[in-house]
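*Asks:* One letter stands for each residue in the lines below.
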Amino acid sequence: MAGVLPDGGLIEERALPGQHTVLHVLVRWFFISVSLTFLAAVLLAPLATVFVMAFAHGVRAYLHAFSDPDTLAAIRLTLTTAAVVVPINTVFGLAASWAIAKFEFRGKSILITLIDLPLAISPVISGMVFVLLFGLQGWFGGWLREHDIAIVFALPGIMLATMFVTFPYVARELIPLMQQVGNDEEEAAITLGAGGWLTFFRVTLPKVRWGLVYGMVLCNARAMGEFGAVSVVSGHIRGLTNTMPLHIEILYNEYNFVGAFAVASLLTLLAVLTLVVKTLVERTGYRRR
Amino acid sequence: MSLRKPSVLPGFGLTLGFTTFFLSAIVLLPLAALVLEAGSMPWRDFLHVVLSPRALGSYRLSFGASLLAASINLVFGFIIAWTLVRYEFPGRKVIDALIDMPFALPTAVSGIALTTVFAQNGWIGRYLEPLGIKVAYTWLGVTLALTLISMPFAVRAVQPALLEVQRDLEEAAETLGAGRLYVFRRIILPTVLPALLTGFTLSFARAVGEYGSVIFIAGNLPMKTEITPLLIVIHLEEFDYHGAAALGVVMLGISFVMLLAINLLQAWGRRQHVRAAH
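First to last, the sequence lines map onto chains A and B.
When the letters of the first sequence are read in order and numbered with my numbering, they come out as residues 1 to 289.
When the letters of the second sequence are read in order and numbered with my numbering, they come out as residues 1001 to 1278.
With the rest of the complex left out, here is chain A (with noise of 0.2 angstroms):
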């Protein structure tokens, strides 16, 4: 348009807004810069420091650093904490998206606020409500003891803090995702005289699928990397309740910065590979809201 003027010059830098003129560079450029050189300060920096200190004593020190049997239980505890919290989670979430999202019933939008709670709390608190209840001086903590019965301190109030920390990760995202696909196609498959589960399994499970995962994948990322919650309940036995956050607390306070690190360096593999796996997900044309 402005390339047909004869005298071009000025007049082009005004009639095409959201070109380049020299303002539009410089803005350009100073946006561009500020972000990178934020995220290269808080988020970039640290990334690649825990992968060089890991390495700090080179690759040897770093195998080694996984031999030490505490941090093998560590990593054993983590891992069965995850693999009992992010199923269950994920049947809650299933339950609550079904009666949320396919019925409309009175006191919905407060049921919705109630799941989404435990993101609003510190972690901490998450941690201290099972001590209160379950601790020694807590309120069934006599009870507890004449039956021998380790709640707080010991795996189940671990998994118990856990769950509640990572409660509404998979609900939340599969909420607004069926009720978004609507109840179409459920409704035929009722009308058509299919069951309930089966109408479950064979038409919503596959609608929903992506979300699904992406919701598991989030739950579980943070199910193995929670710490205040799991912190005040653990007690931080070595290796009997000591997850993997929590032992890198210990190692790095005794100065063995390898071995934190080198603990360190698998909860941020992890850590990438749920964003890898977040954003191959969003490419299937899933978009979280």
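These aren't lab readings, by the way, just hints derived from the structure by calculation.
Be careful, since some hints might not be right.
[What the hints assert, rightly or not] List of simulated lysine to aspartate or glutamate pairs, EDC-like, C-alpha gap at most 20 angstroms:
#: 1; chain 1: B; residue 1: Lys1005; chain 2: A; residue 2: Glu187
#: 2; chain 1: A; residue 1: Lys207; chain 2: A; residue 2: Glu187
#: 3; chain 1: B; residue 1: Lys1005; chain 2: A; residue 2: Glu104
#: 4; chain 1: A; residue 1: Lys102; chain 2: A; residue 2: Glu185
#: 5; chain 1: A; residue 1: Lys207; chain 2: A; residue 2: Glu282
#: 6; chain 1: A; residue 1: Lys102; chain 2: A; residue 2: Glu187
#: 7; chain 1: A; residue 1: Lys207; chain 2: A; residue 2: Asp184
#: 8; chain 1: B; residue 1: Lys1005; chain 2: A; residue 2: Asp184
#: 9; chain 1: B; residue 1: Lys1093; chain 2: A; residue 2: Glu282
#: 10; chain 1: B; residue 1: Lys1005; chain 2: A; residue 2: Glu185
#: 11; chain 1: A; residue 1: Lys102; chain 2: A; residue 2: Asp116
#: 12; chain 1: A; residue 1: Lys102; chain 2: A; residue 2: Asp184
#: 13; chain 1: A; residue 1: Lys207; chain 2: A; residue 2: Glu185
[Said to hold, decoys possible] Some but not every residue of chain B turned toward chain A, in silico, with C-beta under 7 angstroms:
#: 14; residue: Pro1010
#: 15; residue: Val1027
#: 16; residue: Leu1034
#: 17; residue: Glu1037
#: 18; residue: Trp1082
#: 19; residue: Asp1100
#: 20; residue: Ala1104
#: 21; residue: Tyr1241
Even for Gly, the Cβ is constructed at its ideal location relative to N, Cα and C.
Keeping the supplied structure of chain A fixed, place chain B upon it in accordance with the hints.
*Replies:* Frame of chain A; chain B shown alone:
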């Protein structure tokens, strides 16, 4: 009076029953226990704990650093969101995916990594040291950790709103002679304001309760670099459940106010959106 609309789909009783049972067992009853525990304290004792100088010092740091972090994210979150939405440059997609890193990265890892980078001999800390700026083990470090872990909230809140800014309006304004700043103030800002404030509130809410990343970089000195969640943990470790519960209730109250604010802001954002569409 019917509580729900009729539907041909099965499973309402089963799924709603399971949902409410599980929600109550895992989340609501434990939280109720916290409130009752604090409620069983005489008022004087409750106030004595939550208004003690050490508690007040921890609120000052927790709230001050969180407000500062949320403000930093307000500015940088906007700049980053703008860069990702408006410009094409090599590596844009990777950067976009990396924004969620603080969500995926365990807070303990963020904590030790940030401390190492900003310690006196760290990659960045060593350049700040001669300038007299100490980050690790000061309130600055706390702010930095809170900024990092709440950054995705700010960026992700603003990104979709920026996509909705009507480019033709901007271009029309510029064609009519409006400067960039004027366009920003009159067209861009009103569209993204609800999203900016939502991002600010979400960042703040996340930062106030954060524990894992902060304790490594904070130094944890009472009255100086001790955040409220850490003070709760200290009470618990001393088996002072009442004191921990009292502080917990204060933080819970703040979470509720934040949640309310976020819901109101989002409702405002939707109204703006509807108005813009007409």
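*Asks:* Now look at each hint and say whether the structure bears it out.
*Replies:* Results of checking the hints against the structure:
Between the alpha carbons of Lys1005/B and Glu187/A the distance comes to roughly 15 angstroms, so the proposed pair stays at or under 20 angstroms and holds. In summary, the hint linking Lys207/A to Glu187/A is supported, as the alpha carbons are separated by about 14 angstroms, within the 20 angstroms threshold. Between Lys1005/B and Glu104/A, the direct Cα distance comes to roughly 6 angstroms. Compliance with the 20 angstroms bound is thereby established for this hinted pair. In summary, the hint linking Lys102/A to Glu185/A is supported, as the alpha carbons are separated by about 12 angstroms, within the 20 angstroms threshold.
About 15 angstroms separates the Cα atoms of Lys207/A and Glu282/A, which keeps this hinted pair within 20 angstroms; it holds. A C-alpha spacing of about 10 angstroms is found between Lys102/A and Glu187/A, which places the hinted pair at or below 20 angstroms, so the restraint holds. Our distance criterion of 20 angstroms between C-alpha atoms is met by Lys207/A and Asp184/A, whose separation comes to about 12 angstroms. This hinted pair checks out: Lys1005/B and Asp184/A have alpha carbons roughly 16 angstroms apart, not beyond 20 angstroms.
Between Lys1093/B and Glu282/A the alpha-carbon distance is near 12 angstroms, which keeps this suggested pair within the 20 angstroms criterion. Note on Lys1005/B and Glu185/A: the hinted pairing holds, with a Cα-Cα distance of about 19 angstroms set against a maximum of 20 angstroms. Simply put, Lys102/A and Asp116/A have alpha-carbon atoms about 19 angstroms apart, close enough for the 20 angstroms limit, and the pair holds. A hinted pair counts as satisfied when its Cα atoms are at most 20 angstroms apart, and Lys102/A with Asp184/A qualifies at roughly 10 angstroms.
Proximity of Lys207/A to Glu185/A is assessed by CA-CA distance (about 10 angstroms); at most 20 angstroms being required, the pair is judged to hold. At its closest, the beta carbon of Pro1010/B sits 4 angstroms from a beta carbon of chain A; the interface hint therefore holds under the 7 angstroms criterion. Because the smallest distance between the Cβ of Val1027/B and any Cβ of chain A comes to about 6 angstroms, under 7 angstroms, the interface hint for this residue holds. For Leu1034/B, the suggested interface contact is upheld, since its CB lies about 5 angstroms from the closest CB of chain A, less than 7 angstroms.
A least Cβ separation of about 5 angstroms between Glu1037/B and chain A falls short of the 7 angstroms threshold, and the interface hint therefore holds. With a cut of 7 angstroms, the hint placing Trp1082/B at the interface with chain A holds, because the nearest CB-to-CB distance is about 6 angstroms. For Asp1100/B, the suggested interface contact is upheld, since its CB lies about 6 angstroms from the closest CB of chain A, less than 7 angstroms. About 4 angstroms separates the beta-carbon of Ala1104/B from the nearest beta-carbon of chain A, less than 7 angstroms, and the hint is met.
Interface restraint check: Tyr1241/B against chain A, minimum CB-CB distance 6 angstroms, threshold 7 angstroms, status holds.
Violated hints are absent here; each numbered hint is respected by the structure.
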